[in-house]
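*Asks:* So the sequences go chain by chain: A and B.
Counting in numbering that gives the first Met the number 0, the first sequence tops out at residue 276, every number present.
Counting in numbering that gives the first Met the number 0, the second sequence tops out at residue 99, every number present.
Hints are supplied without guarantee of correctness; some may be wrong.
Claimed, not checked - Covered stretches of chain B, going by a simulated chain A footprint (3 or more residues, C-beta under 8 Å): (1) 9-17; (2) 20-34; (3) 37-44; (4) 78-86.
Claimed, not checked - Simulated restraints, written as ranges between beta carbons of each label pair: (5) E86/B with A243/A: 42 to 52 Å; (6) A96/B with A232/A: 46 to 56 Å; (7) L131/A with S31/B: 51 to 61 Å; (8) A7/B with R271/A: 34 to 44 Å; (9) V255/A with E86/B: 27 to 37 Å; (10) T56/B with E33/A: 19 to 29 Å; (11) K130/A with R28/B: 50 to 60 Å; (12) A38/B with V184/A: 47 to 57 Å; (13) V255/A with R51/B: 17 to 27 Å; (14) R38/A with R51/B: 51 to 61 Å; (15) R51/B with G209/A: 14 to 24 Å; (16) S31/B with A267/A: 35 to 45 Å; (17) A192/A with S31/B: 42 to 52 Å.
No lab work stands behind these hints: they were computed from the structure.
For every residue, glycine included, the Cβ atom is placed at its ideal position computed from N, Cα and C.
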Amino acid sequence: MSYLEQLSVELTRVGIRGRARARILTEAADHLTEGDEERFGDPRELAQLFADELATQATTRAAYVAFAALGLAGAGFAVGWVLVILEGTADITSAAFLPVGLVAAFALIACPQISFAAGLLALLRARRLRKLRVAPAAELALLARRTNTALAFGASSMLAFAVYAVDYHAAFSRSQVIAAAAGAVSLMVPLAAAAIAGRTAAVVQSAVPGEAGDMFDDFPLPLPRRPWLVCLALAGGLAVVLLAAAGLDEGLRNAVAEVVLVVVCFAALGRRLGLRS
Amino acid sequence: MLKGHLDALVLAALEAEPAHGYGIIRRLRTRSSDVFRLAEGTVYPTLHRLERDGLVTSRWTAASGRRRRVYRITRAGREALTVRRFEWREFARAVEAVLA
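Starting from the given sequences, assemble the full structure and let the hints guide the process.
*Replies:* This is the structure we're talking about:
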């Protein structure tokens, strides 16, 4: 096998394909007409060097693309919420098919919050990594998990919105239901595009050693390195806001539900999102 | 140590005129009196990154029937090189002061 064939195999192994691989091979072929193979370097090491840099750049960029898509979807979601939900809040028992309606209503509350939290964590990590030429593979994997979680729950929010509008159609006008369902489904398009960008980025494999770190490496503020304490403080803060916003009766109900949601999500997703080790 | 300064060295090699990868390697070797001997292929990931960062641009040309990618430093690249030169001189002065 010639040197260039070896380099081609190694580039494919680390996930560099298409135009990027063709360009590297053409440049290497041109170089080797003047230089020698031994001086050019080991094909495996060289391919990995390309992959380490490309993976860092692609994963970080995918996180920014995802955050932009989530921002767009979030803005649309907020507008939809104001136009449809607040204009005629449905009685929770008035769903055409109650179990589906209840799940959609719960998802409508929980999914956007999880998506926002995961997206924010991804953005913080991406900002930290953008200064690095190459980032440890474990850090990139964590960033990709945060990005994918944010996108998945963002898409779930849109789906829940559409299902809610359809299942509680009795409470809304026909045009509201159609607008809500069509708007929610169309807002899933940028999220899907961002997910595809993320999957493409994940093909290139970095092999840089190092720890993934946790949320304490991401926040600019010095927090006590006790994840559960931070979780409870956050849940408590949100509970106080909800209490203040809706009074003792409804506010208390909302506050308890929020605390339970935050604690359950922290337990379920904490490791995946690098919130706790 | 050389790897940590490869960006600045490549930018400096392109400062006077554009060059292809092998030409850059040759300039580095000549200007360092053959002291800088790195795996020649490692210059390409650096060039590709500098291009992504907008510090160099590149285009295909033809050379003896082959396709050749020629790199040219940008204005942002020249500014980055000025900053890195200053940082290097500060660092070198500090090392010299300690070692002397």
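*Asks:* Hint by hint, note whether the structure agrees.
*Replies:* Here is how each hint holds up against the structure:
{"no.": "1", "hint": "9-17", "verdict": "violated (count 0)"}
{"no.": "2", "hint": "20-34", "verdict": "holds (count 3)"}
{"no.": "3", "hint": "37-44", "verdict": "holds (count 6)"}
{"no.": "4", "hint": "78-86", "verdict": "violated (count 0)"}
{"no.": "5", "hint": "E86/B with A243/A: 42 to 52 Å", "verdict": "holds, 51 Å"}
{"no.": "6", "hint": "A96/B with A232/A: 46 to 56 Å", "verdict": "holds, 48 Å"}
{"no.": "7", "hint": "L131/A with S31/B: 51 to 61 Å", "verdict": "violated, 27 Å"}
{"no.": "8", "hint": "A7/B with R271/A: 34 to 44 Å", "verdict": "holds, 40 Å"}
{"no.": "9", "hint": "V255/A with E86/B: 27 to 37 Å", "verdict": "violated, 55 Å"}
{"no.": "10", "hint": "T56/B with E33/A: 19 to 29 Å", "verdict": "holds, 22 Å"}
{"no.": "11", "hint": "K130/A with R28/B: 50 to 60 Å", "verdict": "violated, 31 Å"}
{"no.": "12", "hint": "A38/B with V184/A: 47 to 57 Å", "verdict": "holds, 52 Å"}
{"no.": "13", "hint": "V255/A with R51/B: 17 to 27 Å", "verdict": "violated, 49 Å"}
{"no.": "14", "hint": "R38/A with R51/B: 51 to 61 Å", "verdict": "violated, 25 Å"}
{"no.": "15", "hint": "R51/B with G209/A: 14 to 24 Å", "verdict": "holds, 22 Å"}
{"no.": "16", "hint": "S31/B with A267/A: 35 to 45 Å", "verdict": "violated, 56 Å"}
{"no.": "17", "hint": "A192/A with S31/B: 42 to 52 Å", "verdict": "holds, 47 Å"}
The structure is inconsistent with the numbered hints 1, 4, 7, 9, 11, 13, 14, 16, although it conforms to all the rest.
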